[in-house]
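Visitor: Residue numbers (our numbering), protein chains in the order written: chain A, 184 to 773; chain B, 184 to 773.
Since no wrong hints were added, every one of them can be taken at face value.
Footprint (simulated), chain A over chain B, 3 or more residues, beta carbon under 8 Å:
| id | segment |
| --- | --- |
| 1 | 191 to 199 |
| 2 | 210 to 223 |
| 3 | 363 to 376 |
| 4 | 406 to 419 |
| 5 | 426 to 435 |
| 6 | 512 to 522 |
Not close to chain B: a few residues of chain A, all C-beta gaps over 10 Å, as computed:
| id | residue |
| --- | --- |
| 7 | 330 |
| 8 | 416 |
| 9 | 417 |
| 10 | 438 |
| 11 | 471 |
| 12 | 482 |
| 13 | 487 |
| 14 | 607 |
| 15 | 634 |
| 16 | 636 |
| 17 | 694 |
| 18 | 699 |
| 19 | 701 |
| 20 | 721 |
| 21 | 757 |
It should be emphasised that the hints constitute simulated quantities derived from the structure, not laboratory data.
Just so you know, even glycine gets a beta-carbon here, dropped at the ideal spot from N, CA and C.
2 protein chains.
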Amino acid sequence: MRTQKKDRSRLIAAAMQKIQCDMTVENVQLVNVLTGEIYPASVDILDGMIVRVREKGEETSVKSKEIYDGGGKYMIPGFIDTHMHVESSMMLPENLGRAAAVWGTTTVCTDPHEIANVMGIDGVRFMLENGKKQAIRHYVLAPSSVPAVPALEGNGAYFGAEEVGEILDMDGVVGIAEIMDYVGVYNDCERMHGIIDEGIKRNMFLQGHSPMARGKELAAYILGGPKSDHESSIADEVREKLRNGMHINLRASSIIDALTEQKKGIDGQLWHDNVSICTDDVHAKDLLEKGHINAVVRKLIEMGMEPIEAIKLASYNAAREYNFEDLGAIAPGYAADFQLVKRLDGNMPSEVFVDGRLVAENGVYTADDDKSPIADMPNTVNMPQIASPEDFLMKAPEGCGDSAKILVLTRNGGNAAVKTGRWMELPVKNGYVSIDGHDELQFVCVANRYGSGDKNIAVMDCFDMKEGAMATTVSHDSHNFTVFYKDIDSAWACAERLKETGGGMCAAKDGKVISAIELPVAGLMSTHACKEVSDEIENIENTIKSLCGEEFTLLMLVVFSLPVLPGLTLTDRGMIDGMTQRFVQQSCLS
Amino acid sequence: MRTQKKDRSRLIAAAMQKIQCDMTVENVQLVNVLTGEIYPASVDILDGMIVRVREKGEETSVKSKEIYDGGGKYMIPGFIDTHMHVESSMMLPENLGRAAAVWGTTTVCTDPHEIANVMGIDGVRFMLENGKKQAIRHYVLAPSSVPAVPALEGNGAYFGAEEVGEILDMDGVVGIAEIMDYVGVYNDCERMHGIIDEGIKRNMFLQGHSPMARGKELAAYILGGPKSDHESSIADEVREKLRNGMHINLRASSIIDALTEQKKGIDGQLWHDNVSICTDDVHAKDLLEKGHINAVVRKLIEMGMEPIEAIKLASYNAAREYNFEDLGAIAPGYAADFQLVKRLDGNMPSEVFVDGRLVAENGVYTADDDKSPIADMPNTVNMPQIASPEDFLMKAPEGCGDSAKILVLTRNGGNAAVKTGRWMELPVKNGYVSIDGHDELQFVCVANRYGSGDKNIAVMDCFDMKEGAMATTVSHDSHNFTVFYKDIDSAWACAERLKETGGGMCAAKDGKVISAIELPVAGLMSTHACKEVSDEIENIENTIKSLCGEEFTLLMLVVFSLPVLPGLTLTDRGMIDGMTQRFVQQSCLS
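Using the sequences and the hints given, assemble the complete structure.
Guide: Next comes the structure, spelled out in structure tokens:
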């Protein structure tokens, strides 16, 4: 697929030295990811495309309008992120793009899975449009699992084959995003079969996601359609998938980093044609301080990979995975997306060019973007069932008297993400369960924020929370309002604030909000730039640490309600056993 | 692009061991071209697709209908020819396929350039249909240069953008064939621009052909669209093209073999992602005795290339060039096209499978083909201007008297393909030029065979022809009737025979045909199988050697009239200077 639709006649005329090029970048050491060679060159550019790479001694008789001195630096292709969720950064696509550009990323292939769960197709369209407001290429894949687990929780949208097809037909959409219901694929369930059909009939890329799928299940998954994986966490699994024809996206995200194992899985193979790089989830602070795809390249180089090989994985191989014919290399007919770097080490580039334009210099984003504010986004926090502090009281089972047996969610061996349950006898006051006198206990409430009126309250001891409340509208995968609280007034303060601001995260004490980050876009994303978002997140995380102890991280908050985790979890509809994917009873009479 | 449209549900069910596979090939050393590894495996197959590759120790609970013992041999992917003209073998696609299959070729990508020049779109359609009558995959590319050189010669069809577009929409057509008017591309001529547009708008493969294009012309050619080259004959040219993003098809044909230089052009590069193999033109005798793609693989291995690398070039890299997602490797979801070989040396495989079926064993083609005769083909030899022996008399210039000055075509330093001219005073009898008494001279007549009535006669000394005549309807690129003769009765005998049989090659002496090969399909192809065609060609070549000396080869005959050669040449419309692409005067008064 040619991603660029430029006037070929002008490009040919420029190559033939009949018209001027826009720019020549002179005096660079060209890193050729097509052949693995490095040599001095000058690069002529017109209309955002590379017209010609002139090796030393090759002159042109028509001087370009602008001569850019590469200062003897290496010219390497711009990096391509083969799989990421913009929402994980809590930034808009435009701000993510600006933050990634300075690190040499020139293309991102994103899965707007989170906003799709909240806002459906409108959310996908918003991401596509917003992505155009900055300089790097922002491609979108159609989320394949909205909701991730139908029936167990309420969310904002349902995508079947029809909806996925509608998205695939949008300009800028390049495939189906991580097909994570791998059980559904290898069991050939109708829903996944139909969704994949939409991709196949359009000859589009099918991105996989199959952690621990091996042997017959792996073969069946591949036969079902998906062709890639970024979830493998052990070397043998990586090797098996590559041998079986999968493309492996080496991943080092802000959450998971199995890069050492993943690299072991490719070591000793003669070719890495089917290996590229992704970040999956990258947090604002990491993006600000450590980088983006370059950070994974840096790690691979530190692990002993040849720099030019790591660069190829991050550029040409990524483009070939997507069949982007004109991205990922520096040669005639490729988009002029490249970086100038002093060393081949994965550190910050000196200059970054996209479409032949300088967009970042020494960490400063310099592109002249459309600065218009984003269109008014709807407030997606719609919770009629939360109308007063009393709505956070937990009803005791009918006819229970002074106490009841409650299934308390409890951390499993110190891991707050994977929860088990233990039955406790708890006092009941005025028909409501009480945790008075139980310092180790808190309430948690998951409230549907899409107007269904569902909510569910449980008792837990997962956090060392001593007082107040903390709440989030970022709560994977359905992003319902999730609040942890010692007192209902603080929970209510959080709810009031997030209803008002259209979502975000906040902490309250004594019935008053003491820290918040506003995420008005779908309750998932801030409108602020990377540095501010990073600071705001750090701020609220520190506040919550003051309530819950130093061990606490925001990640524990946002994955608490994830129904695909093993163990018990809570959704707006009930308590779930992740292994059986069934509801469990939460309370009974003593 | 998925080339196979199989029932995914059945394949998934087979992988999950819910239904039986058709066959398991056990006990092989799998050569994995995806990773460069070799290991013991069993391969399960259903509906012509690979369902699963089980490594040693991986069992299945559902036994396949058939167990095939691989006997410990290597299993390698079937080979793919990235560029060839079936017509060069003088065989039909069905017979070419059968002959190539025994050598491990399982896919050919063919350019029906020759039949298109004779029969236009009907010819292309015929090739597509006929190719289905045998077992290997026969893909067709739309010829881009019909005629090769408009205006200088008459042929049977004209392809502009509209005709190329019509062909691209046919099932089984996978791109535009070698875009050989490279001057037209880099000068951005309207015709080539329009033809290439048809490919780009359908997102189809654009095959290049740019001998000696370097520097700015090479960049302009690439920007014009084509992405590959098989014509490079020196190492630096190969290297330059690869650096500039072209895909190089290493070629060893029956006519041209610059493999040593081509290989030098890729030596020292870290990766060969963009290198594959083609045969371009392969003659029946070579196909019978030396092989097909395997013969190029063998040569590369003999030159020092790692066998597994050469095998990858001939399979996976070829498939990736065309973006055939499911060909070229042995893994779940790939078509079950493979070979069993005792050694990785490029010699004849023991067994060849296509679509999971055994199609050849130890050099014997075993597939159960549709044996129905081909549909009646039209006789394409239509020459109303050749109605009697006297039509081969060469008219002297008007008013010339007893003699005239004639521009005699003469071989250039012993090279019969590149011809110069020398003016000679020749006798004129009854208004006709005579070569009586000039043992070294012969006549040559090129007669339009598409009904235009054009013909052109010249005198030449290119062959050491002592008597009789020889004629061919295979005469690149327009395939007009071309006859070389000492006497008009022998020329007439040849013409009568070829008119009657619908074309071919023949030799005559004393007014009688003494040897012939019938090529009734478009005057280009025999209906016979490889061995017979090889014998028939050898027979007529030997007969002609008896007329012209041992130095003679049929190749000299069939390229005599090629107007793109440098030097002088003859077409049905006149004598051409290949360098200037202009007509030249052939005779004048003394």
